[in-house]
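Protein chains: 2
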Amino acid sequence: MRALVTGAGGFAGKYLVRHLRERSDEVIGAGRAADGCDVVLDVNDYDSIQKALETARPDVVFHLAAQTFLPEATQHPMETYETNILGTARLLSALKSGTRIVFTSSAQVYGAGAPDRRALTEDLPLRPVEPYAASKAAAEHVCMAAFHTSGKECIIARAFNHIGPGQDTRFAIASFAQQLARIACGAQPPRIDVGNLEAERDFLDVRDVVQAYVTLGERGKAGEVYNVCSGVPRKVKELLRMLIVQAGVAVEVREDPQRMRSSEIPCFYGDNGKLRALGWKAQIPLEQSLRSIYDAAVAATATSAGASR
Amino acid sequence: MRALVTGAGGFAGKYLVRHLRERSDEVIGAGRAADGCDVVLDVNDYDSIQKALETARPDVVFHLAAQTFLPEATQHPMETYETNILGTARLLSALKSGTRIVFTSSAQVYGAGAPDRRALTEDLPLRPVEPYAASKAAAEHVCMAAFHTSGKECIIARAFNHIGPGQDTRFAIASFAQQLARIACGAQPPRIDVGNLEAERDFLDVRDVVQAYVTLGERGKAGEVYNVCSGVPRKVKELLRMLIVQAGVAVEVREDPQRMRSSEIPCFYGDNGKLRALGWKAQIPLEQSLRSIYDAAVAATATSAGASR
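Top to bottom, those sequences are chains R and H.
Position one of the first sequence corresponds to residue 1 (the numbering used here), numbered consecutively onward.
Position one of the second sequence corresponds to residue 1001 (the numbering used here), numbered consecutively onward.
Think of the hints as simulated: they come from the structure by calculation, not from any bench.
The structure presented is a predicted model; accordingly, all values stated were derived computationally and were not measured.
Any given hint could be a false lead.
According to the in silico footprint, chain R covers these stretches of chain H (three or more CB under 8 Å from chain R) [claimed, not checked]:
#1 1019-1031
#2 1189-1199
#3 1228-1241
#4 1248-1256
Away from chain R, derived, C-beta distances all over 12 Å, residues of chain H [as the list claims (entries may be wrong)]:
#5 Glu1130
#6 Lys1136
#7 Ala1299
Reference listing, derived: stretches of chain R covered by chain H, where coverage requires no fewer than 3 residues with Cβ under 8 Å from a Cβ of chain H [unchecked claim]:
#8 77-83
#9 172-179
We put the beta carbon where it would ideally sit given N, CA and C, even for glycine.
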């Protein structure tokens, strides 16, 4: 396929571009000028969208560009709505008919989750409770309207938590790995600050996530929504324990109220049956995923220690 | 109450301002400069919002300003999203805490409606299928996010079809009344062009609609959604027949494919139990509503005939 990836400089974007190149797809990575992407694309600038589309002439657009960090979205709702909702609408309006688009939404749109600890299915009502989730739910509606009224071939990917090497350390698992790596090399006292460890979440390695996006780009049905998730709830505590074992260090775990979100939902995981029906399957076991995250954190710590010497 | 009404120059806005004045509430009508409102307010201009709020210092804001005509929204989705979604977000961000806001959404957010001819209830999933509906569903999410993260006291009114004297003749019932009035005074041959007459819809007189908004402004629960509707499905054909009887003219009814919407839903009506539980009740019987619509259409036709003479 010929693919255009927006947000190619972001966490999942980088992995997606790499994965498509490995498959020998033609891919243009689009992002902000500073990200070193193939073309510059700012979703708030229609001309830049048009130019990127003219350069890439894609069969499929993977639309990952967004304000993705939840607390920042809550602090700056207007900018988040502008980028995540209107940016998506602007991209859709510039798309030629026949171009497929995979829009990356978020499981946050489900809000408080399913009753009775059940897996979240795509047909549940959307009940976003903060601006990031609201922006993604809104952009889903924008996609569906474009599908129904203009025939735009939108496929919606509702992604749950992704993890993987290189993730921003504002996210929990990346933060744990970084802290443990610093402890292991003596750069931090043997104490780790954590948020709510009892929460159960659905973690999927970013390499399985981008594989799912490609599956949706190839075989997803336009106008349909697909959860992108492992389908298995895991306690955050369990992941931390696995990381501690891998680090091989003794640490004191300290709960930090600053890291607790106010309305934590105890159990939140998805049903991935629709995605699996397209032939996708997660490839990377959680243990292996955490191993590579920890190894990357050690490498990054060594690099930064070297740099500061 | 001290009220600020946005979109005060619009169809429902005018009725709402009049109704609040009749109740001796203090009310500031805000709208575009051309509408002859008390203050100028453009939801796409933050400064104008702030100024209007400073002038009105309202207890309750009734937010009616929006792009409301569905086919125009479909033609200009970007402008619709800008005004209806970001305009709402901008207004919310300017609101002082403690100010209540009634956001007027639309039953269009339900999309294809309920299965099995049932009345639509507020807990159903939102499935908008065109840009106007998408913009209203999105703005609802924006309101709920502002409620949950910033404590904004948002009450959502999901309005179904409103009818009443003075409505824009791009809407079906207003168009019927206008055509019949023109026929009655000899300004049009005795033939009336109509869309899908078999569709069943939920019609509520605009005076009952604004009464519902006031009820929600006074007693609606923040963070809750309320259908504003009659609760009774009526065939469009039935309303046309009642108007023809009132006009007392013999007419040929001709179906015009141009007036048929592509994805007409056969039966679409709401459950108004939540609203009635607040003490609201529709006051104006359908027959009386149609009588006043027809009388106003006759008066308007006479005026325009006079003007063109």
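Outcome of the hint check:
With a threshold of 8 Å between beta carbons, the proposed coverage of the region 1019-1031 of chain H by chain R is violated, since 0 of its residues qualify and at least three are required. Counting residues of the region 1189-1199 of chain H whose beta-carbon sits less than 8 Å from any beta-carbon of chain R gives 0, not enough to reach three: the coverage restraint is violated. A count of 0 residues in the region 1228-1241 of chain H with a Cβ less than 8 Å from any Cβ of chain R is obtained; the coverage claim is therefore unmet, three being the minimum. Counting residues of the region 1248-1256 of chain H whose beta carbon lies closer than 8 Å to any beta carbon of chain R gives 0, which falls short of the minimum of three for the stated coverage.
A cut-off of 12 Å between C-beta atoms contradicts the statement that glutamate 1130/H is not in contact with chain R; the least separation is 5 Å. Distance check on lysine 1136/H: its Cβ comes as close as 9 Å (rounded) to a Cβ of chain R, failing to clear the 12 Å threshold; non-interface status is violated. With a least beta-carbon separation of about 37 Å from chain R, alanine 1299/H lies farther than 12 Å from that chain, consistent with its non-interface assignment. Counting residues of the region 77-83 of chain R whose beta-carbon sits less than 8 Å from any beta-carbon of chain H gives 4, enough to reach three: the coverage restraint holds.
Here's how the region 172-179 of chain R fares: 0 of its residues keep a CB closer than 8 Å to some CB of chain H, so the rule of at least three is not met and the hint is violated.
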